Amino acid sequence: MSSSQPTKSIAGVEVIDTLLVQAAQDFAREHLEDFAYNHVMRSWIFGIIIYTRLRERGEFPAIDLEAHAVSAILHDMGWDKSGKLVSVDKRFEVDGAIVARNFIEEQQKSGKTADWDDRRLQLVWDAVALHTTPAIAAYKEPVVRICSFGTGADFHGPDSDSTRTITWEDFYALNNVFPRHDLAGGIRNVMCGLCRTKPATTYGLDTTIAADVQASVYETLGDIQNLAWVGVGFPMASVAVILLQGRAYGLFDVKPLMISSIVIFEAGSALCGAAPTSDALIVGRVIAGIGGSGMYLGALTYISIFSTKREAPLYNALIGLFWGIGAILGPVIGGAFSASAATWRWAFYINLPLAALFAPIYFFVFPSFQRKNLLLVEKLQEIDWIGAVLNGGVFVLFMIVVTFGGSTFQWNSGSAIGLWVAWGTCLLVYVLQQYLSTLTTPERRIFPLHFLKSRVLVLLYITTAAVAAANSIALYYIPLFFQFTRGDTALQAAVRLLPLIIVFIFCIMLGGALLPITGLYGIFYIIGGAFVIVGGALMFTIDAGTSTAKIYGYEVLLAIGTGLPFQSAYAVAASKVRVGDRANAIGFINVAQIGSIAISLAIAGSLFQNLGFDLLKTAFADYSFSDDFIRSALSGTASPIFSSADPDVVALAVSSVAETIRRIFGATIAAGAVLLIGGVHMPWEKLDLEVVAG
Numbered sequence: 000m001s002s003s004q005p006t007k008s009i010a011g012v013e014v015i016d017t018l019l020v021q022a023a024q025d026f027a028r029e030h031l032e033d034f035a036y037n038h039v040m041r042s043w044i045f046g047i048i049i050y051t052r053l054r055e056r057g058e059f060p061a062i063d064l065e066a067h068a069v070s071a072i073l074h075d076m077g078w079d080k081s082g083k084l085v086s087v088d089k090r091f092e093v094d095g096a097i098v099a100r101n102f103i104e105e106q107q108k109s110g111k112t113a114d115w116d117d118r119r120l121q122l123v124w125d126a127v128a129l130h131t132t133p134a135i136a137a138y139k140e141p142v143v144r145i146c147s148f149g150t151g152a153d154f155h156g157p158d159s160d161s162t163r164t165i166t167w168e169d170f171y172a173l174n175n176v177f178p179r180h181d182l183a184g185g186i187r188n189v190m191c192g193l194c195r196t197k198p199a200t201t202y203g204l205d206t207t208i209a210a211d212v213q214a215s216v217y218e219t220l221g222d223i224q225n226l227a228w229v230g231v232g233f234p235m236a237s238v239a240v241i242l243l244q245g246r247a248y249g250l251f252d253v254k255p256l257m258i259s260s261i262v263i264f265e266a267g268s269a270l271c272g273a274a275p276t277s278d279a280l281i282v283g284r285v286i287a288g289i290g291g292s293g294m295y296l297g298a299l300t301y302i303s304i305f306s307t308k309r310e311a312p313l314y315n316a317l318i319g320l321f322w323g324i325g326a327i328l329g330p331v332i333g334g335a336f337s338a339s340a341a342t343w344r345w346a347f348y349i350n351l352p353l354a355a356l357f358a359p360i361y362f363f364v365f366p367s368f369q370r371k372n373l374l375l376v377e378k379l380q381e382i383d384w385i386g387a388v389l390n391g392g393v394f395v396l397f398m399i400v401v402t403f404g405g406s407t408f409q410w411n412s413g414s415a416i417g418l419w420v421a422w423g424t425c426l427l428v429y430v431l432q433q434y435l436s437t438l439t440t441p442e443r444r445i446f447p448l449h450f451l452k453s454r455v456l457v458l459l460y461i462t463t464a465a466v467a468a469a470n471s472i473a474l475y476y477i478p479l480f481f482q483f484t485r486g487d488t489a490l491q492a493a494v495r496l497l498p499l500i501i502v503f504i505f506c507i508m509l510g511g512a513l514l515p516i517t518g519l520y521g522i523f524y525i526i527g528g529a530f531v532i533v534g535g536a537l538m539f540t541i542d543a544g545t546s547t548a549k550i551y552g553y554e555v556l557l558a559i560g561t562g563l564p565f566q567s568a569y570a571v572a573a574s575k576v577r578v579g580d581r582a583n584a585i586g587f588i589n590v591a592q593i594g595s596i597a598i599s600l601a602i603a604g605s606l607f608q609n610l611g612f613d614l615l616k617t618a619f620a621d622y623s624f625s626d627d628f629i630r631s632a633l634s635g636t637a638s639p640i641f642s643s644a645d646p647d648v649v650a651l652a653v654s655s656v657a658e659t660i661r662r663i664f665g666a667t668i669a670a671g672a673v674l675l676i677g678g679v680h681m682p683w684e685k686l687d688l689e690v691v692a693g
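Here numbering that gives the first Met the number 0 is used: the first residue of the sequence shown is 0, the next is one more, and so on.
In case anyone wonders, no lab produced these hints; they're calculated from the structure.
What you are looking at is a predicted structure, and each value in this text was computed from that prediction instead of being measured.
It is possible that some hints are incorrect.
Unchecked claim - Taking lysine-lysine pairs in the BS3-like style, the calculated list, with each CA pair at most 27 Å apart, reads:
| # | residue 1 | residue 2 |
| --- | --- | --- |
| 1 | Lys452 | Lys685 |
| 2 | Lys378 | Lys254 |
| 3 | Lys80 | Lys108 |
| 4 | Lys378 | Lys575 |
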C-alpha cells in the first residue's frame, strides 16, 4: 500500500481506508441485504489478496487501489433492496456501474474525494459493468481484471481461481468475518425479481409461473439472453418429431423404441441437471423433448396393440390422468426444488431415479411387437425423411416467431419479417411435397393425408386440438390471474387450481370408463363443448374484483368440458383405421393434442404481451412512463409498477392485466364452439368395441 493512503486490516489483509472507501461501505450497507453486502466485501478483499500475491511474483502491474475498492464494494448496487437504484430496462451490472459513477460524483461535490477525472470514473464503470463477464474483463485494465478475479473467487472458491493465489485458509478466514448468509438463496431471490421486472433483459418469456426455476438457472449459468430457450426447447422439439416417431412406431419393434425414448429422455434430463452452461441446458431440453414425446406415443401405441378396443379408452384415460397431473404439478415441483438446498438441478435429476426404479419393468415385462418383417434398410426407406424435416421446420419456425414476436423483437422488425417469410416458405414447400409425394410415395408420406378423407378422423383432429387449447389456457392463465389480482405466490396460485385439477382428472377417468359402455363418442364432444363455452364465457366476464368462489365455479365447468373428451380421440381413431395404420392414427391425434397445447400457449402468450402492453399504455396515458417501464407490469407483481407508492398506479395496472387475461379467455369460448360443432357433425354411431386386442 502507498504510504500516502490510509489503510486498515480486515481478516489479516491490509486494505485502503480513504474517506471515499468508507463512504462506499456505508452506502453499500444501506442499500444491500446482508448476504449481498458480505459478498461485495469478500469480493473486494479476495481481489486484494490476489493482487498482492501476483505483485509479489512480479506478475501484475500496480493498480489504482481506491478505484478497485469502490468498484468491488459497489459492484452489486443493481441489487438495491429498496429498488430505488434499479432500472426497468438495464442489466443489473449496468445499473451498478451507473450507481457507482453517480456515487463518486456526489462524493466529489461533498468534498470527500478529489482527483476523479473521466478516466478513473470510466475505470470504475467498466469494472462494475464487466464483473460477471470474465472473458471480457481479462482483456481490460488491471483494475477491471482484479475486480472480476475477486468476485469469481468468492463465488467459486480457491479451486476455480485461475491465478492460484487464494487458499482455503484465506477462504474460510474471510467467510468467518463476513458470513455467507445463504448467498445462493439470496441471489436466487434477486434473480427471480430481475426475471420478473426486466422484460427488456429477460425477453419476457410467457412462463411466469416457472420464473423461480429460470432465475435459479441464470444465477448458476448466466447468459440471461438464453433464458427463453430453456422454456421453449422442450415443447418445440416434442411437436417437431411427433409424426416421425409415430411413423417409426408403425415400422419398428415397439419395445426397443419405447426404451430408446426413455433413454433419450433420461439423457436429456441428466444433461439439464449437470449442464455447465446455458447452451448445454438448452440442448438437454431439446433432447428431453424428443424423448418425452416418444415415451408418450409409445405408451399410447402399447395400449392400441395390447388392449382390446373396450379396454383402450380406460387405459388412455389413465395416461391422460398422469400426464395431466405432471403438467399441472411440474412448475410447482420445479419451483420447490429451486428454492431448496437440492437446487433447480434436481428438477431434472429427479427423472433418473424414477427411471431406474421402473427399469426392470421396461426391460423384462414390456412385451415386444414386430410391426413389419422387413430389413432395417427397407424400414428406413419406408420413412419420408424430407417430409419429416419440413414438418419439424414448420413447427419450430412457428413456435419461435410467435413466442418471441412483440417481446424480443418488434413485429415489424427485420427479424420478425424474416422468420415469417421463412415459416411461410417452409409451410408451402411442405404442403407441396406432401401433396405431390416428392421423393416419397403416397403410402410413405410423413403426414397421413389419406386420413383427411375420413370425416371422423378430421373432426377428431380438430376437436382434440380445441379441447387441448381450452385446457392449457385455463391451466396457465387462471393461476396468472390470481398472481396479479391477489398477489399469490406460484405455490398459492397452484392451490387455486385444485377445483380444476380434481374435476379434470375425474372427468378424464369418467370419459374413459363410459366410452366403452355407450360407444357413442360424439356425445362426449357435444357435452364437453357446451361446458367449455359456458365456462369460457363466464371467465370472459371476470375482472380484478371477481370473487374467488365464482372463479372456482368457472374452473369446474371448464374442467368438465375439457376432461370428458380429452383422451377419447386416441381410442376412437385407433378403432377407425386398419391395424397397420394405428400407430399413424395415434401420432396424428398426438400432433393435434401436443401441438395445440404448445401453439395455443405461444399465441396466448403473444396476446398477453402485446394486448396487455396496449391496454397498459392506454391506462397510463396521463403518466410519463417509458414503454419498458409499462411492459414490466406484464412480467409479474415484483414490477416497480406494483410496488408503487401511488395506489392509483397499482389499481390501473391490476385492472389492465386482469382485462388482458379476460380477453384471452375469448379463445376458450372459440375452442368450445369448435368442440361443440365438431361433436354435432360426428356420425351418430356406436363404436364396435368388442374386437380383441391386435
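Verification of the hints:
no., hint, verdict
1, Lys452 x Lys685, "20 Å, holds"
2, Lys378 x Lys254, "16 Å, holds"
3, Lys80 x Lys108, "26 Å, holds"
4, Lys378 x Lys575, "25 Å, holds"
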